[in-house]
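Trainee: Sequence:
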Amino acid sequence: MTNGFCARKIVYMIFIDLIEKRVHLIFKKACSGDRRVSFVVDKDRIKAAVREILEAIGEDPDREGLVETPDRVARMYEEIFAGLHMDPRDVVKVFKEENHEEMVMVKDIPLYSICEHHLLPFVGSASVVYLPRKGKVMGLSKLARIVDIVAKKPQLQERLSSQVADIIMEAIDPLGVAVVIEAEHLCMTMRGIKKPGAKTVTSALRGVIKTDSKTRAEVMSLIKGI
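Under UniProt numbering, the sequence shown has 225 at position 225, and the numbering climbs by one with no breaks.
One should not assume that every hint holds.
[Stated by the list, open to error] The calculated BS3-like cross-link candidates involving lysine-lysine, where the alpha carbons are at most 25 Å apart (straight line), are:
hint	residue 1	residue 2
1	107	96
2	93	153
3	142	153
4	136	153
5	43	142
[Stated by the list, open to error] Label pairs and their computed distance ranges (CB to CB):
hint	residue 1	residue 2	range
6	194	135	27 to 35 Å
7	43	186	18 to 26 Å
8	134	166	31 to 39 Å
9	211	61	51 to 59 Å
10	194	166	29 to 37 Å
11	90	66	36 to 44 Å
12	98	156	37 to 45 Å
13	217	60	15 to 23 Å
14	78	102	36 to 44 Å
Hints in this document: simulated from the structure, not taken from any laboratory. Bear in mind the structure is a predicted one, so any value in this text is a computation, not a measurement. We put the CB at the ideal spot given by N, CA and C, even for glycine.
Make the full structure from the sequences, and use the hints.
Mentor: This is the structure we're talking about:
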């Protein structure tokens, strides 16, 4: 048996092993109800659709400036809609800090998302506050990651605020959560009413931050920087 044949056999065995492990992982996730294995972005369909749109508006998709546009859009969609195929709960890391039961806040987390009504971006920032229960806290960067993942899909700003709050409530069972998002919607900036600079503010309040007026006032004061 030649060395070349042995090398090819080893590579083949490694390849088969990797495939078997990948298939096992897919079945494991599918059986656990993980919807992320059920679909990946179909870039070929996106490219065909973009060509069709360009033709429908009277453009020539084969001219120099547009010939690569369908591929660019397909790759962009794969990136900006990645949250459709991710579970934000997977990024949560919980710590136990016995002596910490004070408010935790991460302000001005930059975000972008795509409004599901017109498929135009809205861009702004989120502030996330929670009040730990019995010292159960989350890594600060994970709050930003949750916002990022939930935003990377066709969204409504109102729903985005609520989903982030609900994920945090489920993950660490805090006494309360507040999520406040301020964003500019390009569907109001460049079409329709055409009001550039107009900001939309949404909030989602949970637990004592919703039910206790003093706690709620303290949270809003911190977010506003008063």
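Trainee: Okay, residue 90 versus residue 66 on CB: inside 36 to 44 Å?
Mentor: Holds - the Cβ-Cβ distance for residue 90 and residue 66, about 38 Å, lies within 36 to 44 Å.
Trainee: Within 37 to 45 Å: is that where the Cβ-Cβ distance between residue 98 and residue 156 falls?
Mentor: 39 Å, holds
Trainee: Is the hinted pair residue 107 and residue 96 satisfied, with a Cα-Cα distance of at most 25 Å?
Mentor: Satisfied, since the Cα-Cα distance of roughly 22 Å is no more than 25 Å.
Trainee: Measuring from beta carbon to beta carbon, are residue 194 and residue 135 in 27 to 35 Å?
Mentor: Violated: the Cβ-Cβ distance is about 50 Å, outside 27 to 35 Å.
Trainee: Given the hint that residue 43 pairs with residue 142, test it: the Cα-Cα distance must not exceed 25 Å.
Mentor: Violated - the C-alpha atoms of residue 142 and residue 43 are around 30 Å apart, more than 25 Å.
Trainee: Below or equal to 25 Å on CA atoms is what counts here, so check residue 142 against residue 153.
Mentor: 18 Å, holds
Trainee: Holds or violated: the 18 to 26 Å window for the beta-carbon distance between residue 43 and residue 186?
Mentor: Since the Cβ atoms of residue 43 and residue 186 sit about 24 Å apart, the hinted range of 18 to 26 Å holds.
Trainee: Holds or violated: are the alpha carbons of residue 136 and residue 153 at most 25 Å from each other?
Mentor: 29 Å, violated
Trainee: For the hint 31 to 39 Å, verify it against the beta carbon of residue 134 and that of residue 166.
Mentor: Between residue 134 and residue 166, where Cβ atoms are some 20 Å apart, the hint is violated.
Trainee: Compare the distance between the alpha carbons of residue 93 and residue 153 with 25 Å, and conclude whether the hinted pair is satisfied.
Mentor: 23 Å, holds
Trainee: Do the Cβ positions of residue 194 and residue 166 conform to the proposed distance bound of 29 to 37 Å?
Mentor: Roughly 34 Å apart at Cβ, these two residues keep to the hinted range, so it holds.
Trainee: Would you say the C-beta atoms of residue 78 and residue 102 sit inside 36 to 44 Å of each other?
Mentor: 41 Å, holds
Consistency note: the structure conflicts with the earlier hints numbered 4, 5, 6, 8, 13.
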